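Next come the chains, spelled out residue by residue.
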Amino acid sequence: MIAARILVLGGLLLSPALADPQGGAPSVLDRSPTEWSAAESGHWKDWDADTRPPEAVQPYLLRSIAAYRRGDRPAALRALFELLEIAPDYPSALHQAGILYFQLRRHGDAITALERYLAVAPHRVGDTRTLAHAYYSLGRYDDALAHYARVLSVHPESAEAHHGQGLSLMRLGQSTAALQELRRTLELDPAHASAAFWIAQIHFDEERLEDAVAAAEHARDLDPFGPRVWFLLGQVLFELERDDEAEAAKARFDELNRLDAAVRAIESSLVFDPYQPALYRELCRLHREAGDDLALRQALRRWSSVDPAGAAAAAEPASAK
Amino acid sequence: MMGPAHSIDLSMILFLLLGAGPAATPGQGHPLFRARDLRAGEEVIELVCGGADKDYILEVNGGGLVVADFDLDGHLDLVTVNGSTIDRVRAGKEALPSVLWLGNGSGEFRRGGPEWKLAGGVWGMGGTAGDIDADGDPDLVITEWGRNRVFLNEGGKGFRAVEASGLTGDHWSTSCALLDHDADGKLDLVVINYLEFDLETAAGPGGACRWKGHDVMCGPEGLTPTHDQLFRGNGDGTFVDVSVKSGFRPEKACFGLGVMTLDYDRDGDTDLYVSNDSMPNHLWENQGDGRFVEVGWRRGVSHDSNGREQAGMGIGCADVDGDGRSDLFVTNFSGESNALYRSSRKTGFREKADVARLGGPSIQRLGWGTGMWDYDLDGFIDVSVINGHVYPAADLVGTDTSYAQADQLFLGGPEQRFAERALSSATAGVGRASVSADFDGDGDLDLVVVQMGGPVRFLENRADGIEGRHWFSLTLSATASHPDAIGAHVRVQVGDASYTGEVRTTAGYQAGCSTRLHFGLGAAETLDEVRIEWPSGRVQVLEDVAVNQHLRVTEETE
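Sequences listed follow chains A and B, in order. Note that full-length UniProt numbering has the first sequence beginning at 1, numbered continuously upward. Note that full-length UniProt numbering has the second sequence beginning at 1, numbered continuously upward.
Since the hints were made in silico from the structure, they are not lab data. Each hint can be trusted.
So, partial list: chain B residues that the calculated Cβ filter (under 10 Å) puts toward chain A:
hint	residue
1	His214
2	Gly300
3	Asp400
In silico DSBU-like pairs for lysine-lysine, Cα to Cα no more than 30 Å straight-line:
hint	chain 1	residue 1	chain 2	residue 2
4	A	Lys250	B	Lys252
5	B	Lys186	B	Lys245
6	B	Lys186	B	Lys157
7	A	Lys250	B	Lys245
8	B	Lys157	B	Lys93
9	B	Lys117	B	Lys186
10	B	Lys117	B	Lys157
11	A	Lys250	B	Lys346
12	B	Lys252	B	Lys346
These figures come from a predicted structure and were not determined experimentally. In this text, a Cβ means the ideal position worked out from N, Cα and C, and glycines have one as well.
Take these sequences, add in the hints, and give me the full structure.
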């Protein structure tokens with residue numbers, strides 16, 4: 001069912017005329033979802049995510065998606081603001097706005113949008129994992145825990161929801177239950193590096209050092225370019241008095257952390273304004289330096305969506321190599 | 001702590017076709033502290049740190065506080081360290097005057113006379129006090145954006161500025177602390193430095209930098225950090241820079257903001273913990289011979305548990321879990337969690353802020369001054385956190401925080417879990433440095449808090465009114481080491497419970513605390529034992545000590 005809807009909309013998305021003419025103008029970032037007017041109670045009670053949207057809202061939705069695909073979240077959000085003016089509380093727009101706000105790291109706004117989505121479409125709780133993420137990001141671990149449980153009641157095999165549940169439990173000091181959730185995450189998604197990392201962290205916190213090493217090495221194998229696992233691995237190895245290995249882990253951490261900090265700085269700029277080819281160029285350079293081919297390809301793909309020629313030129317050395 | 005790397009199900013976006021959130025839950029219950037503007041008679045005490053718009057990073061740190069009994073009348077006094085404005089600096093004017101306010105022991109202050117004059121400087125930041133020349137009275141150090149200054153106390157009658165103190169380097173210094181790092185009986189000084197700031201070249205108004213999509217002033221990222229400094233004291237108010245010689249020099253300079261002295265490994269010498277803004281925090285392990293080795297990463301106090309550098313600001317230090325070892329609390333930026341580094345069974349630490357319920361409530365706040373004391377006298381260490389953002393733009397939409405913020409009190413309890421409670425009756429403010437002391441002599445610890453753009457706040461603790469809450473405090477005078485006994489370790493035993501404290505002169509962020517130790521005791525009627533480990537290594541034990549008293553103890557000679 002999901003794939004079918006993507007096809008329907010994907011065809012529309014290919015039209016270049018749908019591109020947002022205003023580019024990444026930031027004014028929408030000065031607005032708040034509390035501005036949105038409300039629909040009459042029960043107005044969207046028959047709304048169904050499976051059906052095609054009303055004609056009136058389609059251009060806005062498509063503009064939003066096109067902008068999103070370019071990585072232009074402000075433009076995507078602006079289209080949704082316009083949509084919600086003509087169709088207050090249109091559920092899909094609230095949901096998409098919530099996700100965009102979360103990606104913009106505006107967690108409070110994400111909560112506003114997604115709680116409102118749930119208010120108009122209470123049967124769609126399974127779509128709102130991001131709401132739990134947002135609670136978590138603001139340190140509202142009890143709320144996050146409760147909401148992950150709601151999502152899991154609909155999607156019991158959601159690895160991400162189990163992962164979030166595990167992290168929330170860990171933050172609340174319920175480490176045994178947290179371990180169970182994180183292990184369940186790995187059962188559902190054996191490549192889930194973050195779950196493996198936090199299992200290692202819990203073992204370390206509880207002084208099970210040998211278990212921590214094994215779990216950290218597993219996490220490192222799953223995500224060898226993530227600095228934090230090298231950080232943890234080094235600390236555990238130090239406590240085990242395996243100093244040479246610990247020093248090697250620290251050296252790798254220092255190298256990856258330096259690159260990661262630079263990547264994060266670039267991403268925090270691109271998330272608000274993707275039309276910065278120079279930043280994509282630097283991003284690709286950093287990923288190349290780390291040796292992270294997967295991240296490099298993803299960065300090139302994103303760069304290509306705003307600057308195809310530049311991205312193609314930058315990709316050539318990698319191809320030739 | 002950053003948010004988890006939660007992945008967003010992007011297919012869901014297509015599948016569904018496609019205010020600021022509520023503030024963190026406020027503390028519950030009646031505030032323990034009653035807030036009022038700090039006054040000296042009719043004079044409202046205010047500090048200045050730049051203008052309201054905060055166009056430059058120089059304008060955001062706020063002023064400082066230093067507590068000691070400067071006039072030797074038995075009552076604690078307070079120095080407020082004042083800053084300046086960009087216009088004053090451009091005009092070549094000196095800093096607005098720092099002032100000594102003489103306490104009368106009941107929470108009231110009067111302005112010190114001209115003999116206590118502290119004029120001069122460029123832009124004051126913080127400070128500390130101790131008997132630098134060992135003549136029986138507390139002297140004063142003031143940190144500056146500019147040359148740091150030393151004032152010797154002339155027998156409780158007034159200050160005399162030391163013209164050639166040897167505190168070299170016109171840096172931007174923030175916090176400082178006195179210690180005897182080489183056990184030579186003379187007080188040494190550690191000075192924490194922030195960054196190189198040149199008003200002529202600094203990016204100014206217009207918001208050259210962006211945060212959460214909003215224009216803000218620049219820094220510290222992109223600016224040049226400055227190395228911290230360790231000065232060996234000559235015992236006469238002059239110092240010699242021994243930073244390199246002592247090993248107190250990391251590979252890379254950092255944006256230093258806070259400092260704490262502690263004997264983290266309980267080997268009898270004084271170690272140093274330094275909080276750095278947006279860079280790893282440092283733990284400097286004293287090797288016992290006057291040399292230091294940096295072990296922050298190895299001991300688990302340099303980063304958060306995600307391996308991320310945080311914007312370290314203030315530092316609190318106390319033994320939360322009663323294991324006899326110091327734990328550390330560090331305040332951080334909004335969007336990050338404050339950190340509680342609890343000593344582990346070995347010599348390392350584990351970051352436990354969330355489990356202790358100190359993490360989540362801090363994420364939407366930007367913390368500065370912090371104190372770890374038993375404010376409500378129930379026998380458990382509590383944590384005070386003074387909050388306020390650096391960016392006025394924090395009040396714009398989508399920041400998940402605000403410029404003015406409520407301060408927080410976390411009351412300690414069994415199993416090292418804390419319960420948040422409103423700190424005081426004050427409205428939200430833009431807080432900075434803070435210091436705890438029993439200014440009104442009622443046995444509980446009051447707070448003084450620096451506010452940006454407003455009066456200094458005095459928070460009167462009302463725990464003394466709670467039935468069945470007892471306390472004990474003491475001042476130590478060493479005879480076989482420097483008289484201030486900095487680094488002395490005290491353990492108070494009451495039945496099965498023990499409480500520990502360490503003598504120091506720093507309150508963690510741009511503030512100097514009194515060397516008095518203070519313990520909350522709950523319902524205990526008497527102290528079974530007070531065990532003092534002096535810096536000389538001698539151990540002195542007092543038995544059957546009465547509660548609710550301030551005791552002065554002099555080191556016994558053998």
